[in-house]
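Undergrad: Take a look at the letters that make up each chain.
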Amino acid sequence: MTDAAPPIDKTAFRQGLEARLKKRYAQERRFRLYGQLAIVFALGFLVLLVGRIALQGYSTFIDYEVTQTIYVDPAKVDAADIGGSNFDLLVAEQMLAKLGETDDKLGEASGEMMGIISNDFGYQLLKRVQDDPSLIGRKVTLTGPVKADAALYYKGELKRSTPQDERKLDDRQLDWLDRMQASGAVSKGFNIGFLTKSDSTEPEQAGVLGAVIGSAMMLLVTAVLAVPIGVLAATYLEEFAPKNRWTDLIEVNINNLAAVPSIVYGLLGLAVFINWLHVPRSSPLVGGLVLALMALPTVIIATRSALKAVPPSIREAALGVGASRTQTVFHHVLPLAMPGVMTGAILSLAHALGETAPLLMIGMISFVPGVPEGFTGAATVLPVQVFIWENASERAFHERTAAAILVLLAFMIVMNLAAILLRRRFERRW
Amino acid sequence: MPAQRDDSQARGTAPVHISVDRAYTDGPQHEVKIRARDVNVFYGDKQALFDVSLDVPEKAVTALIGPSGCGKSTFLRCINRMNDTIPGATVRGRIELDGEDVNDKAIDPVILRARVGMVFQKPNPFPKTIFENVAYGARIHGLTSSKAELEALVETSLKKAGLWGEVADRLHQPGTGLSGGQQQRLVIARAIAVSPEVILMDEPCSALDPIATARIEELIDELRHQYCIVIVTHSMAQAARVSQKTAFFHLGKLVEAGPTGEIFTNPRDSRTQDYITGRFG
Amino acid sequence: MLTWIALLALFLFSGATYAFGRRKAQAMAARGKPGALHSLPGYHGGYVALWAGLPAALIVLAAALFGGRMEAALLRADSPAAVQALTDHGQAVFFDDARAMAHGTQASETIYEGDLRTAIEDKAVQAKRLQQLIQYGALAAGVVVGLAGLAIAYPRISPTFRARNRVEGWIAVLFIACAVTAILTTVGIVASLVWESWRFFQSVPPLDFLLGTAWDPQIAMRSDQYASKGAFGAVPLFAGTFLIMLIAMLVAAPIGLYSAIYLSEYARPLTRGVVKPLLEILAGVPTVVYGFFAALTVGPIFREGFNNLGGLLVGGPLNGLGIYLSQVQNQMALVAGAVMGIMLIPFVSSLSDDIMNAVPQSLRDGSLAMGATRSETVKQVVLPAALPGIMAALLLAVSRAIGETMIVTMAAGLQAKTTLNPLDTVTTVTVQIVTLLTGDQEFDSPKTLSAFGLGLTLFVVTFILNVIALRIVQKYREQYD
Ligand SMILES: Nc1ncnc2c1ncn2[C@@H]1O[C@H](COP(=O)(O)OP(=O)(O)O)[C@@H](O)[C@H]1O
Ligand SMILES: [Mg+2]
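Protein chains in written order, with numbering that gives the first Met the number 0: chain A, 0 to 429; chain B, 0 to 280; chain C, 0 to 480.
Hint data in this document are derived by calculation from the structure and do not stem from the laboratory. For clarity, every value in this text was computed on a predicted model and none was experimentally measured. Worth double-checking, as some hints may not be accurate.
In silico SDA-like links for lysine to any residue, alpha-carbon gap of 25 Å or less [stated by the list, open to error]: (1) C:K23 / A:T325; (2) A:K158 / C:R302; (3) B:K127 / C:R373; (4) B:K146 / A:L16; (5) C:K275 / A:F40; (6) A:K97 / A:V185; (7) A:K104 / A:L173; (8) A:K154 / A:V49.
Produce the complete structure using the sequences and hints provided.
TA: Have a look at this one:
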């Protein structure tokens with residue numbers, strides 16, 4: 000059968016359409032391109048952010064240690080007053096001697112030496128001699144880090160080509176560093192101390208252990224409070240509560256609470272927990288309380304959606320065999336909703352782990368060397384540690400800030416992965 | 000049409016089942032508008048249509064009937080290439096519109112869809128005014144050059160769809176505010192505003208009450224003098240009332256097709272017989 | 000510590016009573032005919048355990064929470080003449096120090112001499128005694144109440160006793176208490192903000208605060224120096240907050256929306272499955288990390304860029320602009336705003352994606368079947384249909400931007416300026432709250448209290464935005480259900 004000749008106007012009509020088509024497709028491509036660009040931009044930023052921080056922070060995990068044998072000179076160490084002896088000077092002088100230098104009258108050379116090796120040496124020596132005074136008059140071999148600025152020089156971030164008055168170390172110190180390295184006394188290694196030490200005013204001795212433990216304790220308080228309360232509240236609202244103005248109010252209220260700025264929770268914590276209830280400032284307890292209130296709405300919302308996903312037929316079946324409502328919920332509905340609940344809870348906790356602003360309000364910004372002494376002792380947590388170090392002026396702290404962020408991100412990724420795996424593992428289609 | 004069947008056998012793609020497509024020849028003006036040959040459709044790995052060959056006459060209503068899930072909508076969506084929009088759907092075989100293969104690279108889906116309008120099961124007016132709904136096609140395709148022309152187009156389209164009298168005084172109110180039957184006629188007006196050659200209707204009355212249904216059926220009967228209409232329906236009575244040709248699908252296969260009167264009074268296949276007498280469905 | 004031990008002991012005690020109650024009920028069940036027991040033995044045990052454990056635990060907890068306040072109140076009940084001679088503030092510090100001495104915690108650096116020295120030593124001794132009194136008193140009360148509970152509940156166990164209904168009644172109370180916690184949080188927020196703000200507004204009239212154009216909260220060097228109050232006009236802070244929010248939205252709204260459009264309308268399922276989790280990661284990055292990045296990476300890059308541009312312009316026809324640009328600092332509104340905008344991209348995109356997915360497919364099909372291209376369908380059908388929901392998503396993003404703290408604290412400045420120049424240094428409401436409350440605090444001074452005034456303003460504004468946005472979203476969802 001042949002094609003019926005289309006009416007004249009139809010041909011014209013089609014030609015009109017075709018004429019515009021090119022422009023329309025160009026528009027279409029442009030629009031699509033904008034979408035792709037937007038996504039590329041967002042993901043590109045993610046790569047940039049993580050990459051840049053990894054680049055800034057990875058060198059923290061490399062450190063340079065000096066091994067030196069020190070003669071505990073009885074002339075300089077008073078056995079009767081060990082704590083009163085200047086071990087830092089002793090170490091510096093012997094380091095100089097090793098390089099073939101002698102200290103000058105004013106002690107400038109030893110002062111400069113103290114500027115490139117950590118005072119951890121003096122501290123180690125003090126401890127050793129205090130523990131065993133018989134070491135006086137004998138030789139002790141010590142290993143300790145170089146100062147953070149010296150490490151920056153070894154890492155190539157502090158360059159000799161910079162004019163002397165614009166860098167932290169002068170030419171003589173750089174010479175010494177070169178000679179120490181040439182003599183084989185310096186070894187490069189993994190900076191385990193960053194993970195096993197706590198905050199310090201000396202960058203080369205500062206670590207994240209205290210902050211990690213502080214974060215863990217605070218998160219424990221948050222989890223113990225927010226998860227059970229949130230799950231019970233959600234279960235009540237979803238399974239038991241009558242639909243009336245009160246429950247509507249609670250519902251609207253919960254949705255709003257989830258969107259309240261976190262700093263407001265900090266103000267609440269300051270006014271209620273610290274000023275009114277006298278919970279100790281800066282403690283994991285008060286931090287956990289504040290974050291629990293903050294996490295509560297999200298736990299409730301996640302639990303409710305997990306409960307909603309359990310089909311009504313399960314409830315009807317349980318009620319049908321004579322279980323009470325409470326039994327139905329606890330024996331059948333909640334266990335089925337558990338994976339969803341736990342996923343939501345972990346995600347809320349991961350969010351709480353990264354929260355900083357409310358903790359600043361409750362005094363968690365002070366310098367805390369060492370790990371927290373219990374739930375009511377002063378503590379610092381990872382994100383706050385990041386904030387504190389970022390504020391420090393030394394360049395070496397910036398590197399440590401980035402490294403602390405890497406540790407923080409590692410924890411968040413682990414928590415998020417756990418949530419994703421949980422969701423995958425127990426995902427159920429009804 | 001025996002010649003055609005011979006033709007397909009000669010190409011060696013004869014369907015394994017016996018399908019019967021008797022032409023609707025109620026006068027010389029009913030040339031074949033759409034010619035489908037050996038159409039197979041897959042959704043991913045799942046085959047939804049098997050070797051469907053069917054002729055659709057011009058200026059007449061062709062009804063597609065059959066139990067639900069048998070592939071009626073799938074076949075309909077091949078004609079205006081709406082299956083392109085479903086990820087994983089592949090169409091094989093030939094569908095000619097006025098002799099041109101719609102799946103040909105040279106055929107642009109935008110132009111094809113302007114030539115082949117479609118009305119869906121659930122009325123789907125856009126969240127715009129009644130006027131803007133009808134003017135939609137003209138606007139995107141740039142069919143009119145002046146406001147007056149556009150207004151005239153909207154008016155004629157609404158008149159053709161039998162809705163003008165009911166909405167003339169509220170053209171600038173939202174189309175979603177109309178009743179279900181009115182919404183469906185609005186959607187028909189929207190489709191005919193771009194002067195299509197074919198109108199596809201996928202169960203257009205299944206969401207409507209009997210009175211609105213009757214109104215749409217009347218409309219279809221008027222429109223058939225100008226357009227080639229293909230309607231999917233699960234109501235045999237409706238197929239009998241509005242269509243001139245009927246095609247019966249079963250499990251993704253075209254069982255038989257022919258003039259509506261013949262299919263309903265003298266089906267050749269026992270499955271057709273069973274279906275129209277209500278033994279399954 | 001004592002509290003924890005007491006609670007643990009109570010828990011064990013309560014567990015033991017559970018076993019007792021259960022055993023008794025089981026014994027009864029074994030004697031009677033099958034089904035004679037109204038409730039399962041476990042419920043009887045639970046009933047006993049609740050009576051034995053719960054009231055006692057409440058007493059111990061109350062002592063732990065309010066013991067300190069009680070101790071402080073009792074300590075102040077009779078204050079020596081030497082102490083009464085001090086100012087109110089001095090007295091407060093004195094008693095705090097006395098308690099600090101008693102409990103070995105950090106005291107203020109005030110030096111007490113003469114009468115005050117003896118007084119504080121007395122009071123420290125008294126504080127220690129009071130603390131022990133309260134702790135052991137609570138413990139003793141806990142023991143008595145626990146035993147009494149057991150004595151009341153245990154005899155009640157009988158075959159006809161409706162233990163299950165009783166226990167479920169308790170559970171219902173627990174449920175409601177948990178649900179009410181959410182309300183209490185709101186009440187707590189509102190009450191504390193309003194109360195502290197009210198004290199602030201006693202020294203600074205609300206209108207001066209809201210409409211004043213100078214912000215310069217002075218640090219009162221001595222407690223009697225309230226006279227040098229400083230200026231508490233918050234308009235420059237509002238302006239700074241607004242400017243940074245505006246910049247952030249200019250970044251987040253288009254990029255977030257276009258990502259959402261691409262993901263919901265164009266992307267294949269595979270792409271979607273990869274990109275969405277990556278965007279979630281971006282959303283999960285703590286804000287302090289964004290702050291670090293803004294302060295140490297983006298800030299210097301922007302500054303250098305503008306400085307170099309300025310250098311090129313100096314001496315040319317745009318000399319003035321060149322000089323200005325070459326003096327731009329790290330801490331400009333643009334940096335904080337841009338980074339905040341990036342932080343908000345995944346937020347905007349995931350909300351809008353949800354919203355657009357709620358637009359029925361039939362509308363898209365209708366438009367595509369008319370011969371519209373995808374972009375025409377999106378622009379003319381999907382977006383208009385999703386508009387209310389998208390507006391709501393943007394409002395929520397605005398609320399986030401206003402309340403965001405760390406990025407601005409680390410990357411915006413401290414200078415309160417009323418300006419719309421994105422290259423200028425501005426400060427925001429949240430930055431000031433942090434600054435006011437993290438420095439050396441002078442308790443009850445307008446300077447400290449003003450943080451609560453700012454907090455209240457912040458809460459009210461974000462609350463209104465959230466309520467409106469959530470309303471719209473709810474209406475929108477109902478429309479397409
Ligand atoms: N988008 C799709 N993806 C996968 N399978 C589909 C899709 N649409 C339809 N199908 C399947 O194709 C078959 C035919 O469907 P359809 O053409 O809608 O039937 P009818 O319209 O006759 O009821 C059915 O088995 C259906 O499950
Ligand atoms: Mg169908």
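Undergrad: Between the alpha carbons of B:K127 and C:R373, is the straight-line distance 25 Å or under?
TA: holds (18 Å)
Undergrad: Does the structure keep C:K23 and A:T325 at a Cα separation of 25 Å or less?
TA: holds (24 Å)
Undergrad: Quick one, are C:K275 and A:F40 close enough, alpha carbons at most 25 Å?
TA: With Cα atoms ~14 Å apart, C:K275 and A:F40 stay inside 25 Å; holds.
Undergrad: Checking one constraint from the list: CA of A:K158 to CA of C:R302, max 25 Å. Satisfied?
TA: holds (24 Å)
Undergrad: Would the pair B:K146 and A:L16 pass a check requiring their Cα atoms to be no farther apart than 25 Å?
TA: Since the Cα atoms of B:K146 and A:L16 sit roughly 19 Å apart, the hinted pair holds (cutoff 25 Å).
Undergrad: Holds or violated: A:K97 and A:V185, Cα atoms, limit 25 Å.
TA: This hinted pair holds, its Cα atoms lying about 13 Å apart.
Undergrad: Please work out if A:K154 and A:V49 have their alpha carbons no farther apart than 25 Å.
TA: Holds: A:K154 and A:V49 sit about 21 Å apart, inside 25 Å.
Undergrad: If you draw a straight line from the CA of A:K104 to the CA of A:L173, is it 25 Å or shorter?
TA: holds (22 Å)
When each numbered hint is compared with the structure, no violation occurs for any of them.
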